[in-house]
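Engineer: Sequential numbering of the sequence shown, starting at 1, is according to the working numbering.
Simulated from the structure, these hints should not be mistaken for lab results.
A hint or two may mislead.
[Stated by the list, open to error] FRET-style restraints, in silico, Cβ to Cβ:
1. Asp141 <-> Arg218: 24 to 30 Å
2. Ala117 <-> Ser23: 47 to 53 Å
3. Asn19 <-> Ser281: 40 to 46 Å
4. Gly204 <-> Gln277: 18 to 24 Å
5. Asn221 <-> Asn197: 19 to 25 Å
6. Gly25 <-> Tyr219: 34 to 40 Å
7. Val85 <-> Ala117: 39 to 45 Å
8. Asp68 <-> Lys2: 49 to 55 Å
9. Arg218 <-> Asn197: 33 to 39 Å
10. Ser281 <-> Glu156: 42 to 48 Å
11. Leu29 <-> Asn221: 24 to 30 Å
12. Ser23 <-> Gly123: 16 to 22 Å
13. Tyr219 <-> Val85: 37 to 43 Å
14. Gly204 <-> Ala145: 15 to 21 Å
Built from N, CA and C at the ideal position, the CB exists for glycine as well.
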Amino acid sequence: MKQFDVVAMGELLIDFTENGTSSQGNPLLEANPGGAPCNVLAMLAKLGKSTAFIGKVGSDQFGSQLKDTLRAVGIDMRGLVTDPVVHTTLAFVHTLPDGDRDFSFYRAPGADMMLTAQELAPGLVEQAKIFHFGTLSMTHDGVRAATLCALDRAREAGVKVSFDPNLRPPLWSSMELAKECMGLGMSRCDYLKIADNEVRFFTGTEDCEEGVRLIRERYPNISVLFLTLGPDGSRAYCRGLRAEQPGFVVGTVDTCGAGDTFCGCALGYLLDHDPDQLTQSQLEELLRFANAAAALVTTKKGAIRSMPERWQIDALLNAPAGH
1 MKQFDVVAMG ELLIDFTENG TSSQGNPLLE ANPGGAPCNV LAMLAKLGKS
51 TAFIGKVGSD QFGSQLKDTL RAVGIDMRGL VTDPVVHTTL AFVHTLPDGD
101 RDFSFYRAPG ADMMLTAQEL APGLVEQAKI FHFGTLSMTH DGVRAATLCA
151 LDRAREAGVK VSFDPNLRPP LWSSMELAKE CMGLGMSRCD YLKIADNEVR
201 FFTGTEDCEE GVRLIRERYP NISVLFLTLG PDGSRAYCRG LRAEQPGFVV
251 GTVDTCGAGD TFCGCALGYL LDHDPDQLTQ SQLEELLRFA NAAAALVTTK
301 KGAIRSMPER WQIDALLNAP AGH
């Protein structure tokens, strides 16, 4: 018996998002807890799954805020380390007119990139049914070594591995290294969640369907692949099956965490079903549920504290057409 449904590793940071202007006309910024791996765990927690996080924050007010947040949403923190010198990573998010985002990171260095293999909590990865990670824990040598160590532990313990590239170009010393680490993640995972822009970047083709075919051909270890298409919905590929579902039209405020919310729902469904036995209708059900949840999170600022409840997702799924 495993203690945790999902253990995730990677960045935990503060997303400063725009929230109006002051009486003097200056932009007001809201300090939202974020970081893709914990966003995924927060959605899983909403679905009743047991989760734990591996990462590092600074010994500062933002690190304390992040710890309080994980505690509040029910994510186990035994794998969270505090750096006494390097500050918590910060991201400033500029929201574009269409709801998409432009990031400015304060991470030179940031605490999340300072995690070492020696600081990994003993036995934690091995106690997961699924180990989830992304590329931001591979941008620098030390944390990349920690990630590879965690992946080795997962493989030795028979833990399924989930990977989301979560490409953020400003954080890489070169895009060649980013592509190399994306390939490394794909070579070590069972489940892949990837966005359309990441497929185009990695494969060099504008045709996402062809890009997915190339990835599946090169990495036969990937048993289930999820492709997210922003407001256009998502697709899933499993064995010889291909499923597709449209997105939901909602009042989008902030797209932070939409892909992570989708990923959390997808992993939750895989935990409740045998991935090797998924049918076409089940894949479509998975995509529709995950699309609805991802749409709902965009109606609020931030991600970790904005994850929808299951009843809210069901309400959107059951809403009359056009509502």
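Engineer: Using the C-beta atoms of serine 23 and glycine 123, is the stated range 16 to 22 Å upheld?
Structural biologist: Violated - the Cβ-Cβ distance for serine 23 and glycine 123, about 53 Å, lies outside 16 to 22 Å.
Engineer: With respect to the beta-carbon atoms only, verify the hint that aspartate 68 and lysine 2 lie 49 to 55 Å apart.
Structural biologist: violated, 27 Å
Engineer: Do the Cβ positions of leucine 29 and asparagine 221 conform to the proposed distance bound of 24 to 30 Å?
Structural biologist: violated, 42 Å
Engineer: Given the hint of 19 to 25 Å, check if asparagine 221 and asparagine 197 actually sit that far apart at their C-beta atoms.
Structural biologist: holds, 23 Å
Engineer: Does the Cβ-Cβ separation between alanine 117 and serine 23 fall within 47 to 53 Å?
Structural biologist: holds, 50 Å
Engineer: For the range 15 to 21 Å, tell me whether the beta carbons of glycine 204 and alanine 145 fit it or not.
Structural biologist: violated, 29 Å
Engineer: Could you tell me whether the CB distance from glycine 25 to tyrosine 219 stays inside 34 to 40 Å?
Structural biologist: violated, 51 Å
Engineer: Does the beta carbon distance between glycine 204 and glutamine 277 stay inside 18 to 24 Å, or does it fall outside?
Structural biologist: Violated - the Cβ-Cβ distance for glycine 204 and glutamine 277, about 34 Å, lies outside 18 to 24 Å.
Engineer: Tell me if the beta carbons of arginine 218 and asparagine 197 are separated by a distance inside 33 to 39 Å.
Structural biologist: Hint violated: Cβ distance 19 Å, outside 33 to 39 Å.
Engineer: Between tyrosine 219 and valine 85, does the beta-carbon spacing fit 37 to 43 Å?
Structural biologist: holds, 38 Å
Engineer: Return holds or violated for the Cβ distance of valine 85 and alanine 117 against the range 39 to 45 Å.
Structural biologist: At 19 Å between Cβs, range violated.
Engineer: Could you tell me whether the CB distance from asparagine 19 to serine 281 stays inside 40 to 46 Å?
Structural biologist: Given range 40 to 46 Å: holds, Cβ gap about 41 Å.
In this structure, the earlier hints numbered 4, 6, 7, 8, 9, 10, 11, 12 and 14 are contradicted, and the remaining ones agree with it.
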